[in-house]
Amino acid sequence: MYHLLRKLGFYLVALWAALTVNFAIPRMMPGDPVEIMLSKLGQKGPVTEDTREAIEALLGTGAGRPLWSQYRDYLAGLAHGDLGVSVVFFPAPVSTIIGQTLPWTIGLIGLATVISFLTGVGLGTLAGWKRGSWMDNLIPVTTMFQSVPYFWLALILLFLLGSVWPLFPLNGGYDVYEVTPGWTGEFLGSVVYYGTLPALTIIISSIGGWMLGMRNMMVSTLSEDYMLTAEAKGLRPGRIMRRYAARNAVLPSVSGFAISLGFVVAGSIVTEAVFSYPGIGSALLQAVGGNDYALMQGIFLIITLSVLGANLLVDLLYSVIDPRTRAQS
Amino acid sequence: MPFLPPRARRAATALAAVTLVLAACSSPDSDKTGKAGDSSITIFNGANGTIVENWNPFSPTQLQPTQGPLYEALFWYNVATEAERQPMLGTAAAWNADGTELTITTREGVKWSDGQPFSAKDVAFTFDLIMKNKAINATGLTLTSSVAKSDTTAVLTFKNKSFTDEASIVGYTPIIPEHVWSKIDDPAKTINQNPIGTGPFTLKTFSSQSYVLQKNPNYWQAGKPKIQNVRYISLATADAASAALTAGQVDWMSSFLPGLEQLLQNHKDLSYVNTPVLTASIFTCANKELGCTGPQTDTAVRQAIHHALNRDQLNKLAGGGFAATASPTLLLPERDKKWIADPSQVTIPGTPDVAKANQILDDGGWVKGADGIRTKNGQKLSLTIQTVTGWSDFISLNDAMAQQLKEVGIELKPTQLSWNEWNNNQVQGRYQLSLDSIGLGASANPYYTYQPKYATVTTAKVGEAAGTSGNYSRYSNPVVDRAVEIAAGTNDEAAQREQYTIIQKEITRDLPYIPIYVNSLLTEFNTSRATGWPTNENKYALPASWKVWDNGIVLATIEPVA
Chain Y
1 MYHLLRKLGF YLVALWAALT VNFAIPRMMP GDPVEIMLSK LGQKGPVTED
51 TREAIEALLG TGAGRPLWSQ YRDYLAGLAH GDLGVSVVFF PAPVSTIIGQ
101 TLPWTIGLIG LATVISFLTG VGLGTLAGWK RGSWMDNLIP VTTMFQSVPY
151 FWLALILLFL LGSVWPLFPL NGGYDVYEVT PGWTGEFLGS VVYYGTLPAL
201 TIIISSIGGW MLGMRNMMVS TLSEDYMLTA EAKGLRPGRI MRRYAARNAV
251 LPSVSGFAIS LGFVVAGSIV TEAVFSYPGI GSALLQAVGG NDYALMQGIF
301 LIITLSVLGA NLLVDLLYSV IDPRTRAQS
Chain S
1 MPFLPPRARR AATALAAVTL VLAACSSPDS DKTGKAGDSS ITIFNGANGT
51 IVENWNPFSP TQLQPTQGPL YEALFWYNVA TEAERQPMLG TAAAWNADGT
101 ELTITTREGV KWSDGQPFSA KDVAFTFDLI MKNKAINATG LTLTSSVAKS
151 DTTAVLTFKN KSFTDEASIV GYTPIIPEHV WSKIDDPAKT INQNPIGTGP
201 FTLKTFSSQS YVLQKNPNYW QAGKPKIQNV RYISLATADA ASAALTAGQV
251 DWMSSFLPGL EQLLQNHKDL SYVNTPVLTA SIFTCANKEL GCTGPQTDTA
301 VRQAIHHALN RDQLNKLAGG GFAATASPTL LLPERDKKWI ADPSQVTIPG
351 TPDVAKANQI LDDGGWVKGA DGIRTKNGQK LSLTIQTVTG WSDFISLNDA
401 MAQQLKEVGI ELKPTQLSWN EWNNNQVQGR YQLSLDSIGL GASANPYYTY
451 QPKYATVTTA KVGEAAGTSG NYSRYSNPVV DRAVEIAAGT NDEAAQREQY
501 TIIQKEITRD LPYIPIYVNS LLTEFNTSRA TGWPTNENKY ALPASWKVWD
551 NGIVLATIEP VA
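Chains as they are written, first to last, in full-length UniProt numbering: chain Y, 1 to 329; chain S, 1 to 562.
Honestly, the hints are just simulated from the structure, not real lab data.
In this text the structure is predicted, and so the values were computed from the model without any measurement.
By construction, the Cβ of each residue, glycine as well, lies at the ideal position given by its N, Cα and C atoms.
Keep in mind that the hints are not guaranteed to be accurate.
Sample of chain S residues facing chain Y (criterion: CB under 8 angstroms; computed from the structure) [what the hints assert, rightly or not]: (1) SER59; (2) GLN193; (3) ASN194; (4) LYS204; (5) THR205; (6) ASN229; (7) SER242; (8) ALA243; (9) LEU257; (10) GLY364.
Take these sequences, add in the hints, and give me the full structure.
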């Protein structure tokens, strides 16, 4: 219990620190949001000096309020679950924009990460178990894909499978021409079809790491004395592989998985840019482009929460799968 | 797949088969032509990422088709070519002699898209709403009253002489229905989910990735529009846009696509039009008195740069050969010919005059050093020029200009910044040279170029924010200021032209903005589903797919292919 409370306390302090950094960083960027909105408007049509006053009146910024009171309002707003109003998408609240984009990102990147982890670890287990078999040849291939810059790999696959052999759609989250969003089989089918290629690129480019790590851990685990004992006792090979070797070998991969789960939200920017996917990464890009503090803070908050949340979960999970970590307390 | 074992090969084949079936199910746009009643086109207007619903025609974050396809103004100004303003909801607008009272005659027989009749009362209501809400008074009108004298006459009165606001009043103010907006509490903050306008289209469906407008059956121009559905989509990058165009998924977009001619060669349905209207120019922080520093504060240096540029070469290297010749008066040579007094100032020669540039610098006391770079009083003639990371044509421009200016002993150091920083530097005056474009004015009247860019009122000291899209050069010249003021005080074109002649004489000598060329504005069309797009011969509207107002004109004009 004490162990658990101490962990929770640590996470609370980490959360506060992250929130404060969240608040500070966007405000260090050059330019101010009113100016940027004005200049963007100026590119579309004429704006006058008075447009500034209109926009200041609109956004309620005007005379710069002291940072301290902005910080207080920020924390108070967070406590109420109020993330503020976006500037780039004014007058839409930040929570609406996050609600609109987050499911796409979690659906695509989250699933792809999980699939990549499970396949990578599974293949790594087999490769470690049957050392020297053909599966070892997979490892250089997959690590090569991992070392190729992701955006380049994604562009090439998009070009080949989207333009040259049009097996997959070129862009978007679903078929906007024919399908209306809703919980219908048609829509879900379209989402799956449109998500396949982006997911494939993520899996191809990340599977190598999981596989290599798992294989090497398997190899070193296999040389442990208890493996010999298990074999000497006459256990079935499948049971030895899964319960004795893999369970011990997977531990480092699990903590790696926690970290990559946490970065699901943040890591989607390039994928979304290449495939014009409607997720939270593109919203973050637009927020940065428009110095939209509220939206940036909102998205950073989601990233912070997901990283901390994933770590907490794995911390707790660890004490279940690895009894040694709870033995101390 | 020779390296896969048989089982894996079978699995891969099965996977490919599944995707093929899926592809067949979703049948991407193979049968989107067909009957006019069902005609549909797709537009990419530059939207990227998620789309957030906002149909408020007063909101700076409104979705682009709000102005034009959904809501209309009293008149419409075609800035693509030399043209009279075109009557839309208004049929006439006349000032009193003082320029403080504008009488507007409105069109009869117009209906809102919900079937209610439109009248001058709606016009009076619109301006009354603007008068009462500072937050939607984007053009800073000094209205004192707005009343409807009859069903077809509305009278606006102003505190100040407002001739120069005419374009923003009649051309850029969306007219809204009183019966809807009188019930809206805060006109600045509504997203106006169910837009009721007079435009050729109405909203059909919206999702965060695409929205569809459909034909307004009540539209006042008989027989228009001919297209039934218009879809807008969002794409993340220019690569995605170009792929979508060649795949036939987009009918109308405006992007600079490298190798455009080649790209379109293999697709007979695709065509493009080039309508250069934005003058790419070197902005200089020119005024020492307001705090600018660097050699560019010397007029001789700016003149030398102007003469040393080989613009034909720049067009070839950076403009893709699509750019048009600019005018030293910063107006458009073709469209604005009648406003340019001195015939020798209509266009800039494409070839450089290196001898003249050298002569100017020699006379100005800039002496060539051992390294070929000039100096004066120990100051090296070395300038930094900023542009935005990723603006590939401007980056090539900078590199090419650096080569060209070296020949006359000027060192140019290109830098690339994020858009925010670049913009902030211009607004604050913290730059030496900056590459930017002179934007679109409210109408073709040179006032909308000269007042914002050259008048003292739109500038500020270095370190303070200059007016928006304003006088970033910090230029301040009493002769120009007075001429701008006099031109603003009249709506007699001959009297205005006289003042513009004075301004042109000053600015072509001082060159606070050094024009390079009129940048291309390329718009690509797919003619397999709709025809009647603007062409080089018939620029009936600015064809750019991101332009407000003009969009409505184009969409009402094009016809579906039978």
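(Q) Of the numbered hints stated earlier in the document, which are not met by this structure? (A) Per hint list: 2, 3, 4, 6, 7, 9 and 10 violated.
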